[in-house]
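Engineer: Listed here are the chains, written in short residue letters.
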Amino acid sequence: NAGVMQNPRHLVRRRGQEARLRCSPMKGHSHVYWYRQLPEEGLKFMVYLQKENIIDESGMPKERFSAEFPKEGPSILRIQQVVRGDSAAYFCASSPPTLTGAGTQYFGPGTRLLVL
Amino acid sequence: AQSVTQLDSQVPVFEEAPVELRCNYSSSVSVYLFWYVQYPNQGLQLLLKYLSGSTLVESINGFEAEFNKSQTSFHLRKPSVHISDTAEYFCAVSDPGGGSNYKLTFGKGTLLTVNP
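Listed in order, the protein sequences are those of chains A and B. Take 86 as the starting number for the first sequence in the working numbering and just add one per residue. Take -8 as the starting number for the second sequence in the working numbering and just add one per residue.
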């Protein structure tokens, strides 16, 4: 069973460009989460999605950031008009649906975004 | 809001020595607790978790952690470390009773360096 897959693993963008980060959850997992890890910081929750629904985006910056998890295909985290402060590692996690909602989150290898 | 404190940002030890990585959380309610390990340039891997039941939980590679409700701690221990244990370790919590029990709050991490 393949793990959570993210691509690209490394992404370099110039200020003002767009960054698109992709995440394919583990087989059987219908819940996807995005976290951001700034240098020397722990991971910070950004958004929680289920198929075609955004459940909680309370950790997303109000502007330039968006996320989707379409019926078919991977989840996408999109950052428009990137700035240097967006440079970070972005991790995707997935979990199976459970009755208690305590499904363990399994993390992908991350996408390391560098904005020049 | 929950917070997680990992008191030591770096812990250097010699091979075969015991180690304890400290984690304290701030919450007056029940919590789920997790330790994740991150090897260089890789994603986070779940090491162990506490959801309920026995307060002592163990991983398959010799680590253990004990949930102490009165001290709001979940310290990670290993009696004898190997060089291959060198990695960053993250403590995380979630609130099982709230509507956002999926939202993991992470500490800033502890870099464990095992020297020969």
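Hints may contain errors.
To be verified - So the derived list for chain A, only partly shown, Cβ under 10 Å to chain B, looks like this:
{"hint": "1", "residue": "Ala87"}
{"hint": "2", "residue": "Gly88"}
{"hint": "3", "residue": "Asn92"}
{"hint": "4", "residue": "Lys136"}
{"hint": "5", "residue": "Tyr191"}
What the hints assert, rightly or not - The following label-pair restraints were derived from C-beta to C-beta distances:
{"hint": "6", "chain 1": "A", "residue 1": "Gly113", "chain 2": "B", "residue 2": "Ser43", "range": "36 to 46 Å"}
{"hint": "7", "chain 1": "A", "residue 1": "Val97", "chain 2": "B", "residue 2": "Pro9", "range": "41 to 51 Å"}
{"hint": "8", "chain 1": "B", "residue 1": "Pro9", "chain 2": "A", "residue 2": "Gly158", "range": "39 to 49 Å"}
Don't read these hints as lab results, they were simulated from the structure. Remember, it's a predicted structure, so these values are computed and weren't measured experimentally. Where is the CB? At the ideal position from N, CA and C, for every residue including glycine.
Engineer: Decide, hint by hint, whether the structure agrees.
Structural biologist: For each hint, the structure was consulted:
1. Ala87: violated, 13 Å
2. Gly88: holds, 8 Å
3. Asn92: Violated, about 13 Å.
4. Lys136: violated, 15 Å
5. Tyr191: holds, 7 Å
6. Gly113(A) to Ser43(B): 36 to 46 Å: Given a distance of about 24 Å, which is not inside 36 to 46 Å, the answer is violated.
7. Val97(A) to Pro9(B): 41 to 51 Å: 42 Å Cβ-Cβ, so the 41 to 51 Å window holds.
8. Pro9(B) to Gly158(A): 39 to 49 Å: The hinted range 39 to 49 Å holds for Pro9(B) and Gly158(A), with Cβ atoms some 47 Å apart.
Of the numbered hints stated above, those contradicted by the structure are hints 1, 3, 4, 6, listed in ascending order.
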